[in-house]
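*Asks:* Work out the full structure, taking the sequences as your base and the hints as a guide.
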Amino acid sequence: MDQIERRKLAIKLFGGITLSWIILCYLAWILSGCKAYMPFISDFDLYQPGDTIFSIGTALSATTVIWVMFELQLFNRMKLTEQNQHLGWHLLNHAALVPGIIAAYSCYMVGQTPWDEDGYMHGNYAFEIFFKGVYWCLMMTLLSVRMHWGTSRFQTIMKWRTGGAVAAAVGLWQMIANQATVWTDDFDWDVWNAAPANKMEFCTSKTYPALHVAAVWEYVLVIGIVVTVCSFLIDLTASSNQDSEE
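The sequence shown maps to residues 5 to 250 in this note's numbering.
Quick caveat, the hints were computed from the structure, so don't treat them as lab data.
Mixed in with the good hints, there may be bad ones.
In silico SDA-like pairs for lysine to any residue, Cα to Cα no more than 20 Å straight-line [to be verified]:
(1) Lys12 to Trp164
(2) Lys83 to Gln7
(3) Lys210 to Gln183
(4) Lys83 to Arg150
(5) Lys203 to Ser36
(6) Lys39 to Glu205
Ranges between beta-carbon positions, derived for each pair [said to hold, decoys possible]:
(7) Thr188 to Ser209: 36 to 44 Å
(8) Val149 to Asp194: 32 to 40 Å
(9) Ala199 to Phe158: 44 to 52 Å
Ideal Cβ placement from N, Cα and C applies to all residues, glycine included.
*Replies:* Right, here's the structure in full:
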């Protein structure tokens, strides 16, 4: 398998695995009798079989995203070198590994830390995923503007990459904004963390409608990150076609 095909495989595995376990968890949520309103993705970790799917899924997503981060870093380095780009762009490419790796580690840890058992650490890991994921998307988008400026594929690549990055950033902003209307300074976290003990009451109630809206934006955020990553398939396909022509 050549480098281009290996990189494509890494991206496809990450995107396929991540979307698959989220869909499977949601189906398990519905089939277990819970309401079809938007739960947070982390809520899938509360009850079986979603608990097992969530833990395995986050571990696989974390593993594949590390693979993807390094593959894309090497691919971008090669393209930047071919274009004789300034050192600053190389440094940006290298720096993007930092939020990517932190997000990957946090993705694994969030699957091992249910929020009803350790809400504080679960929240920290979750927001590391979200913030660092958005940082990576924005850094890659900026780098892509420089790499593809003036090329015939610029509009196609940037449509998907910018769209994914903007969706991720807006999703994060709106998720936090809606959460903030409920999770105020006087919010009773002890009661909230104990709520999942009564499964059917917790997963069929709509005590805080704003949290369901926040959950919708969480999905927008995650899908935006996945789209940004998968948009590199366009770069890789173009590079493969160019190599074939040569």
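*Asks:* Now look at each hint and say whether the structure bears it out.
*Replies:* Hint-by-hint comparison with the structure:
| no. | hint | result |
| --- | --- | --- |
| 1 | Lys12 to Trp164 | holds (16 Å) |
| 2 | Lys83 to Gln7 | holds (13 Å) |
| 3 | Lys210 to Gln183 | holds (14 Å) |
| 4 | Lys83 to Arg150 | holds (11 Å) |
| 5 | Lys203 to Ser36 | holds (10 Å) |
| 6 | Lys39 to Glu205 | holds (10 Å) |
| 7 | Thr188 to Ser209: 36 to 44 Å | violated (19 Å) |
| 8 | Val149 to Asp194: 32 to 40 Å | violated (47 Å) |
| 9 | Ala199 to Phe158: 44 to 52 Å | holds (49 Å) |
Checked against the numbered hints given earlier, this structure breaks hints 7, 8; the rest are met.
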